[in-house]
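Start from the sequences and build out the full structure, keeping to the hints where you can.
Read top to bottom, the protein sequences are chains A and B. If you're matching positions, the first sequence starts at 48 in the working numbering and goes up one per residue. If you're matching positions, the second sequence starts at 116 in the working numbering and goes up one per residue.
Be careful, since some hints might not be right.
Negatives, chain B to chain A, calculated, CB over 10 Å [as the list claims (entries may be wrong)]:
# : residue
1 : E147
2 : R216
3 : A249
Distance condition first, Cα-Cα at most 25 Å in a straight line; then the derived BS3-like pairs of lysine-lysine [claimed, not checked]:
# : chain 1 : residue 1 : chain 2 : residue 2
4 : A       : K209      : A       : K176
5 : B       : K180      : A       : K131
6 : A       : K320      : B       : K225
7 : B       : K180      : A       : K58
Here are the in silico distance ranges between beta carbons for each label pair [what the hints assert, rightly or not]:
#  : chain 1 : residue 1 : chain 2 : residue 2 : range
8  : B       : I150      : A       : G288      : 42 to 50 Å
9  : A       : S388      : B       : R205      : 34 to 42 Å
10 : B       : I150      : A       : P335      : 35 to 43 Å
Because the hints were derived from the structure by calculation, they are not lab data. Each residue gets a CB set at the ideal place from its N, CA and C atoms; glycine is no exception.
If you want the building blocks of each chain, they are given just below.
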Amino acid sequence: MTVAENMAIDKVMLTSRSQGWSPDTLLFLEFTPCALVGYHQSVELEVEEDYCREHGIEVQRRLTGGGAIYMHEGTLGWAIYADKHAPGIPADRGEMYARMCGCVTRGLSRLGVNAKFRPKNDIEVNGRKISGTGGTELDSAFMFTGSLLIDFDVDTMIRCLKLPIKKLEDKQVASFRQRVTSLHEEMGYTPDLKTVKKALLDGFSEGLGVTFAPGALNDKELILLAQEASRLQSQDWIRGGRTMDQDSALKVSDFKSPGGLIRVSVLLDRNRKRIKSAFITGDFFAYPERSILDLEAFLRNSSSDDKDIFENIQTFFKTNNLAIPGVTADHMAQAVCQAISSSAESEQVL
Amino acid sequence: MSDKLNGPKACGNWMIHEDVKYDRNNFWVKTEGRIAYIGLSDYGQWVIGDILYLDLVPQGAELLKGERFGSVESGKWVGNLMAPVSGHVREYNPAVVADPRVIQEDPYGKGWIMKVELESIEESETLLDHAAYAEFVKEQARDAA
Chain A
48 MTVAENMAID KVMLTSRSQG WSPDTLLFLE FTPCALVGYH QSVELEVEED
98 YCREHGIEVQ RRLTGGGAIY MHEGTLGWAI YADKHAPGIP ADRGEMYARM
148 CGCVTRGLSR LGVNAKFRPK NDIEVNGRKI SGTGGTELDS AFMFTGSLLI
198 DFDVDTMIRC LKLPIKKLED KQVASFRQRV TSLHEEMGYT PDLKTVKKAL
248 LDGFSEGLGV TFAPGALNDK ELILLAQEAS RLQSQDWIRG GRTMDQDSAL
298 KVSDFKSPGG LIRVSVLLDR NRKRIKSAFI TGDFFAYPER SILDLEAFLR
348 NSSSDDKDIF ENIQTFFKTN NLAIPGVTAD HMAQAVCQAI SSSAESEQVL
Chain B
116 MSDKLNGPKA CGNWMIHEDV KYDRNNFWVK TEGRIAYIGL SDYGQWVIGD
166 ILYLDLVPQG AELLKGERFG SVESGKWVGN LMAPVSGHVR EYNPAVVADP
216 RVIQEDPYGK GWIMKVELES IEESETLLDH AAYAEFVKEQ ARDAA
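Structure representation (structure tokens):
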């Protein structure tokens with residue numbers, strides 16, 4: 048399927064489920080190289096378009112929320128389309144995330160990979176992300192979807208998305224690489240897609256207490272797929288305007304704490320007053336080791352007001368029993384605030 | 116639109132105002148003749164969670180009761196906003212468009228979302244009153260527990 052068809056299938060299956068044309072469904076999607084922005088994001092702020100154009104990477108928009116992602120042959124999309132009141136589907140969204148991600152971690156455990164759900168909505172192995180997720184709804188149906196990294200091309204991701212990395216310095220790139228993992232890295236080899244799909248299928252079957260039967264798109268779904276794919280090919284869809292003003296500024300600063308240097312890079316949306324993403328490195332020693340990766344995940348999309356940053360980071364240190372010799376929660380908060388108030392390394396306003 | 120509506124009452128962990136009507140998608144509607152102010156109820160904003168993005172049909176657009184007029188994103192989830200009444204959008208609350216967190220801070224006051232010219236006054240009279248909405252909220256909260 049084309050990238051547009053892969054995006055269109057979500058609308059097709061949601062429509063189909065809400066209209067009663069199909070039962071609750073688990074679907075796997077394979078991709079050619081593409082950069083996919085979240086439903087409300089703007090392509091200009093999230094994607095290195097020149098790089099994508101030069102390297103044959105298609106750009107598309109998802110129906111689901113969350114940040115921009117890079118998908119290619121080394122990734123696998125999974126999605127559940129179900130009735131909101133289906134047995135085994137919790138009405139509370141947080142619980143639903145946990146249940147669905149739990150199905151994926153069950154599946155991955157069958158491959159010998161000890162993955163865990165990281166609230167609110169990531170799946171990780173020792174703090175390193177192996178599958179992002181997202182969801183949306185239509186009438187009585189909802190979908191919950193994710194992107195599993197099988198043999199992931201991190202270098203291309205770093206180059207085709209706008210990330211909080213300054214000038215792609217080697218040390219930063221190496222550190223950024225530690226933020227994600229893949230089945231290849233965890234298993235020591237690349238499992239074939241059939242094996243991965245079977246493991247996930249079993250995970251969902253066990254986690255939801257249901258049995259799946261193979262199926263194909265019906266005639267109504269095929270007609271709708273052709274219509275939707277054509278609509279999603281348009282620039283109106285890919286670059287469509289959004290109500291809210293958005294902005295993206297890369298801010299970097301080094302903060303000297305008693306425990307060592309803290310380097311903070313943040314992508315900031317100054318209009319929405321949000322930290323879009325944060326990247327924290329330095330020569331301090333954190334225990335547990337993964338806690339800095341968890342802190343970065345915790346700060347994603349959080350408020351960029353100084354007061355909120357101090358409160359959030361203090362809460363994070365307390366709830367995670369985070370200990371960094373010579374670095375207190377206040378030092379970390381100061382480092383983040385200092386980065387936010389620094390002049391922008393690069394900026395884009397829409 | 117005054118900053119605060121009168122008559123808040125607690126329903127579980129959420130406030131419900133007595134002088135507005137509600138729909139089952141957790142919008143409140145306050146009518147002043149043919150004009151209606153619309154916002155999310157306290158329970159509605161709580162269900163959605165931290166609102167990251169809000170996207171709305173253009174000002175002046177026609178709204179049809181029960182039809183989609185925008186979307187909201189929270190925690191990677193994109194939800195549809197369905198119109199509680201039919202009419203035309205006269206104005207959006209600029210404070211909410213700039214920063215949807217205002218909805219969460221003051222859902223019945225500074226967090227109003229839009230001002231609508233109603234298609235018919237009678238339609239808004241079919242919405243739930245505060246007592247019926249309180250029952251609805253209790254039911255929803257029970258289902259989610």
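- Message: Over 10 Å from every CB of chain A: does R216(B) meet that, or does the non-interface label fail?
- Response: violated, 8 Å
- Task: Starting from K320(A), check that the Cα of K225(B) is at most 25 Å away, please.
- Result: Answer holds: K320(A) to K225(B) is near 18 Å, not above 25 Å.
- Regarding I150(B) and G288(A), is the given constraint of 42 to 50 Å on their beta-carbon distance met? violated, 27 Å
- Message: Checking a non-interface call: every C-beta of chain A should be farther than 10 Å from the C-beta of E147(B). Is that right?
- Response: holds, 25 Å
- Query: Do I150(B) and P335(A) keep their Cβ atoms within the hinted range of 35 to 43 Å?
  - Reply: Because 56 Å falls outside the window, the suggested range is violated.
- Query: Can we confirm that no CB of chain A comes within 10 Å of the CB of A249(B)?
  - Reply: Check passes; 19 Å lies beyond 10 Å.
- Message: With the threshold set at 25 Å, check whether the alpha-carbon distance from K180(B) to K131(A) stays at or below it.
- Response: The hint holds at about 22 Å.
- Holds or violated: K209(A) with K176(A), Cα cutoff 25 Å? holds, 18 Å
- Message: Run the distance test for K180(B) versus K58(A): straight-line Cα separation, threshold 25 Å.
- Response: holds, 22 Å
- Is the gap between the beta carbons of S388(A) and R205(B) within 34 to 42 Å? Given range 34 to 42 Å: holds, Cβ gap about 39 Å.
Of the numbered hints stated above, those contradicted by the structure are hints 2, 8 and 10, listed in ascending order.
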